[in-house]
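Order-wise, the sequence lines are chains Z and X.
The numbering of the first sequence is UniProt numbering, which starts it at 1 and goes up by one.
The numbering of the second sequence is UniProt numbering, which starts it at 1 and goes up by one.
Incorrect hints may have been included.
[Said to hold, decoys possible] With a Cα cut of at most 25 Å, we get these calculated PhoX-like pairs of lysine-lysine: (1) Z/K63 with Z/K5; (2) X/K15 with Z/K111; (3) X/K211 with Z/K52; (4) Z/K155 with X/K23; (5) Z/K45 with X/K99; (6) Z/K78 with X/K23; (7) Z/K18 with Z/K45; (8) X/K15 with Z/K52; (9) Z/K104 with X/K23; (10) Z/K171 with Z/K133; (11) X/K33 with Z/K45; (12) Z/K18 with Z/K5; (13) Z/K219 with Z/K63; (14) Z/K104 with X/K211; (15) Z/K104 with Z/K133.
[As the list claims (entries may be wrong)] Pair by pair, the computed Cβ-Cβ distance ranges are: (16) X/T222 with Z/F68: 38 to 44 Å; (17) Z/N126 with X/A214: 40 to 46 Å; (18) X/I148 with Z/Q109: 39 to 45 Å; (19) X/Y3 with Z/I138: 40 to 46 Å; (20) Z/N126 with X/I233: 53 to 59 Å.
Think of the hints as simulated: they come from the structure by calculation, not from any bench.
Quick reminder that beta carbons are idealized off the backbone N, C-alpha and C, glycines included.
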Amino acid sequence: MIEVKNLYKSFGGQEVLKGIDYTFERGKTNLIIGQSGSGKSVFLKCMLGLFKPDKGTIAYDGKPYSSFSDEEQRELRKEIGMLFQGGALFDSMTVEENIMFPLKMFTKQRKSEMQSRVREVLERVNLEGTGDKMPSEISGGMQKRVAIARAIVNKPKYLFCDEPNSGLDPKTATVIDNLIQELTHENDITTVLITHDMNSVLEIGERIAFLKDGVLAWKGTKDEIFKTTDETVTDFVYSSDLFQKVRDAQQKE
Amino acid sequence: MTYLHSIGEYFLMLKGVFGRMTKGSVLRNLILKEINDLIMGSMGIVAFLSFFIGAVVAIQTALNLNNPLIPKSLVAYAARQSVILEFSPTFISIIMAGKVGSFITSSIGSMRVTEQIDALEVMGINSKNYLIFPKVIAMLTYPFVISISMFLGIAGAYTAAVLGGFVTSDQFITGLQDEFIPFHLTYAFLKTILFAFILATVPAYHGYYMKGGALEVGQAATTSFVWTSVVLIVTNYLVTQLLLS
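Chain Z on its own, in the form it takes in the complex (with noise of 0.2 Å):
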């Protein structure tokens, strides 16, 4: 679980984030759901500790993240899995060696048992075989899929994820989609998920955060952001006519 209070955040004068609060929780997948510039990768990177925060806290699991120390938070972020929008796969490394790399820097485990457990991460994606290609050799989606491959090779406690599903045609995306949700369930995952693919948001939003101008203008599950009425949501969410018609469906049912 992540608790965030009342969170600011600014860079030269320019607030971002002006005051968020917001429970993330564990097991469930948390969307971030916000137009481009509201301020969804700041808060992400708030919460990764990349950026320092101006004011309010970050608590995981009921610890502050200021309270931290240096070997505190070094042990946290062994415990933090995270997918790049664009995969961040080293490209110097082959497919294996991208997986097998938390293993190698932060296990003490035998070569064998670190390969029994990438292969075993590799078959979880569907991607068995692929272990001695290099990043630049496979697709995208395949490449999302080693990325998620590497971000929970190393059981981690929370999973965060950069529009996953970007630049991916329909049918990955919403297998890349089904797959984290899954993952977030087997292995009871605080999963934080920033999109703006309406798609995931009505298939795998359990709780969704919606960001506006640096604050919370709205939260709810995927269910809710049906009947919603509050416009700035219902602005946001069905833009496209597509999404228009479904909703419109959805409430005559």
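Starting from the structure of chain Z, add chain X where the hints point.
Just chain X, lined up with the frame of chain Z:
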């Protein structure tokens, strides 16, 4: 102001580079890989350039010393001094700023652009140490490159001077041993070590702190070459002033 900021940032980066160390076994592999990429990969061009620069120095000296009062052996003396004092350590380092430097900037820069550095940081790895420290250590073997360059430079001078018929082999060997001051080698290798450190860290700084996309990686590599050369030349001037005058 921006220069002051950059200089400060550079030294803060160095603090990070020698800060919390990456796991030893991983670091060892990285260092070996960097030695292969940075040092072994440059051997060919260094050997080629050194040989021909030495040869040209010998020909130029021979052609320009027409006065019969000046002994022919001076050709070898001039070639030895210029190769050992400047051509090998400084000239080759400038070439390396182009080859090794732009390689370091673009490899670190593209990792920055594709968020690989963020990925390292999120995993709790000291990315400065992980990326730059192995390069600094690999560059400690750079003096070996320079000594090979010195040898080949003088060999080139000998080849050109003797085969070109400017001096006899005996005259060249005599000139080569003329008034040799061992301290000149100490000076040359001392500055080589300084250059090696600059060659590893200045381009790394430009790559590590770059912002933008693929186009900016190219720009960063160019800027990095310019600044590495400037820093090399200024360092060369200061060290020469301090040690030789």
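Is Z/K18 within 25 Å of Z/K45, Cα to Cα?
-> Between Z/K18 and Z/K45 the Cα gap is close to 15 Å, so the pair holds against 25 Å.
Does Z/K18 pair with Z/K5 here, judged by a C-alpha cut-off of 25 Å?
-> The hint holds at about 11 Å.
Z/K104 paired with X/K211 [C-alpha distance capped at 25 Å] = Violated, because 29 Å separates the two Cα atoms, which is more than 25 Å.
Given the hint that X/K15 pairs with Z/K111, does the C-alpha gap stay at or below 25 Å?
-> Judged against 25 Å, a Cα distance of about 33 Å means the pair is violated.
For the pair supplied as a hint, Z/K155 and X/K23, is the alpha-carbon distance within the 25 Å limit?
-> Measuring from Cα to Cα gives roughly 20 Å; hence the hint holds.
Given the hinted pair X/K15 and Z/K52, is their alpha-carbon gap at most 25 Å?
-> This hinted pair holds, its Cα atoms lying about 20 Å apart.
Are the Cα positions of X/K211 and Z/K52 separated by 25 Å at most?
-> Holds, because 19 Å separates the two Cα atoms, which is no more than 25 Å.
Should the hint that Z/N126 and X/A214 are 40 to 46 Å apart at their CB atoms be regarded as holding?
-> violated, 31 Å
Quick one: are X/T222 and Z/F68 within 38 to 44 Å, going by C-beta?
-> holds, 41 Å
Please work out if Z/K219 and Z/K63 have their alpha carbons no farther apart than 25 Å.
-> Holds. Z/K219 to Z/K63 sits at ~24 Å (cutoff 25 Å).
For the pair supplied as a hint, Z/K104 and Z/K133, is the alpha-carbon distance within the 25 Å limit?
-> holds, 19 Å
Below or equal to 25 Å on CA atoms is what counts here, so check Z/K63 against Z/K5.
-> OK: Z/K63 and Z/K5 at ~12 Å, within 25 Å.
Figure legend: structure checked against the earlier numbered hints; hints not met, in rising order: 2, 5, 11, 14 and 17.
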